[in-house]
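Q: Spelled out, the chains give:
There are 2 protein chains.
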Amino acid sequence: MKSREVHLTENFVGEIKPDYFEIEEVEIAEPKEGEVQVENEWLSVDPYMRGRMTGVKTYVEPFEPGKPMEGGAVGRVVKSKSDRYAEGDYVFSMYGWREAWTAPAKGLMKVDADLLPPQTYLGIAGMPGLTAYVGLKRIIDLKEGETLWMSAGAGAVGTSGIQFAKAMGAKVIATAGGKEKCDLCRELGADAAVDYKATDNLAKAIRQAARDIGSSGIDAYYENVGGDHLQAALDVLKQYGRIAACGMIARYNDDRSVPGPSNLVQIVAKSLKMQGFIVMDHIDLNEAFVKDLSGWMMAGKVTSKETIYEGIEKMPDAFIGLFTGENVGKMLVKV
Amino acid sequence: MKSREVHLTENFVGEIKPDYFEIEEVEIAEPKEGEVQVENEWLSVDPYMRGRMTGVKTYVEPFEPGKPMEGGAVGRVVKSKSDRYAEGDYVFSMYGWREAWTAPAKGLMKVDADLLPPQTYLGIAGMPGLTAYVGLKRIIDLKEGETLWMSAGAGAVGTSGIQFAKAMGAKVIATAGGKEKCDLCRELGADAAVDYKATDNLAKAIRQAARDIGSSGIDAYYENVGGDHLQAALDVLKQYGRIAACGMIARYNDDRSVPGPSNLVQIVAKSLKMQGFIVMDHIDLNEAFVKDLSGWMMAGKVTSKETIYEGIEKMPDAFIGLFTGENVGKMLVKV
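Residue numbers (full-length UniProt numbering), protein chains in the order written: chain A, 1 to 335; chain B, 1 to 335.
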């Protein structure tokens, strides 16, 4: 069986050019005992892949020129020599940037393509969606009628989180940087969106937004940012407020000497709970998540925003398009 | 019925003198419908009372010269015109600094003098003890074999917390200021005690203490202090560590501009949980607490440290003694 796959011609920094990519046709091996052969149907392009193209080793290995790249993919099993998968099953894998592949069944993840469109497992039903869900359901335990502040509302976690919180019956105030991102948050259902770049008093802006939407105050804060956002959250949260922290992106590049919020004593004064988490520790929620999500999508409460390019040869264009703003929502390539 | 009670002769600041107190004999009214008459058996003197003697209104009303002062007391009901109490019942009240009193039954708290010695309800079985218990049981959920760092180990909450954590099967590292306080912590059962005044690297000293007692690291931190203690805790806590915060005393007098810990991102990096609480929100645990505490005391695992003066006329001496270090453990007056 033949498959086309995308290689880098060289590692690079700076502007991305189509010349850095080439398509090659290869022969796919027959599956051995314990292996499956899969035809990819959907391929993901993600901004983080940019770092792997530079050739510099960070927390993941760099992509090597002349070899197939990796990335999220959803495909259909066409041949199986594993008890785990039957022909016709859909699987999520990291064997993206290629049309087909053969690999051990162990380490793949089965997805239910009857419940949700298969490509959603690369976006809203995938890791970013589950991260949003875990934070809201388990860490915050968001209740109907409560008010949530979703930070980084236009990000991968934020766009899911806004929709899920609305579907759960909460009021949502989103923050994002710039008018366009705030418009997106409102379009996704946020009751209010605050442009943090356009205010010098974030706490005051959040309190005003809460009054504007008839909320009695902020019950919970979804922390993706840190820094001035966390400081404002500690100030505006109500008694017994909850903070789910899955990222403090403003802090990642800091020198260690950058001080934390000066109002941390609010945790004691208002009996707040703040909890950090990583999604991998809460994979047990995935089943409930997929069930809730399919219900919400069928009821029209949650939509998967996608921009779709067709054909493996469009992978470089799709990837480059991420950085020139060609996509609304999740950028995908349909094989 | 006659009762002697202690009055202030005047409000004062600075050094406390016996002249500021006088004993007066008064007639106690017969109880009316819904009231009880109680003979106090145990009276509490506490450092916080000092503030109420200055005549300055803070978060509580100041004591007025010529009137009976207030304070924790445990007494026996001698006459009851209330369904809530029978003669012979023991009650905790704030009608201290006097031998006997008549008051509405509503607002008193019944205590079980068969389960625990009545005076313990002013100390280890009272609010400081319950605060320690709630933090360990509900907020931290301390498990057998885990290692707890108890800050302010020689304080009212700390002395209880060290003993309770040991009774729960945990290893305990206590911190306190000075050799004497550290000796007290060890005497109460702490596996290690670190004098925070004698180290310029608290995190390193805690890690060393953990190694010394054969612990694999700090699972939980009981926060009473804030500041450099919290910074060190965020550094030394293991993955999934829990922080119970019932006070950050180092922060209470701070100007708002004092920065928080620079390593708060550890909450995300190590999936930590930090939760503030006040004991009044967890009064539902009191029954389980009294039951556990009586079991621990009968088994000799927990002891109530008390210094006892006898007679209402010794109340001023007992109170003054608090500030000259006359007490080991809880300072009490037996009527």
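These are calculated hints, taken from the structure and not from any lab test.
Hints may be right or wrong, so weigh each one.
The list cannot tell twin chains apart, which means a pair is met if one copy fits it or any two copies do.
Claimed, not checked - With a Cα cut of at most 20 Å, we get these calculated EDC-like pairs of lysine to aspartate or glutamate: (1) Lys17 - Asp235; (2) Lys291 - Asp212; (3) Lys81 - Glu33; (4) Lys270 - Asp281; (5) Lys334 - Glu41; (6) Lys301 - Glu35; (7) Lys238 - Asp281; (8) Lys137 - Glu61; (9) Lys179 - Asp200; (10) Lys305 - Glu187; (11) Lys305 - Glu30; (12) Lys334 - Glu25; (13) Lys204 - Asp46; (14) Lys238 - Glu27; (15) Lys67 - Asp317; (16) Lys2 - Glu70; (17) Lys334 - Asp112; (18) Lys143 - Glu22; (19) Lys314 - Glu70; (20) Lys79 - Asp212; (21) Lys166 - Glu25.
None of the values given here were measured: they were computed from a predicted structure.
Q: Flag every earlier hint the structure violates by its number, smallest first.
A: Failing hints, ascending: 1, 2, 6, 8, 11, 13, 14, 18, 20, 21.
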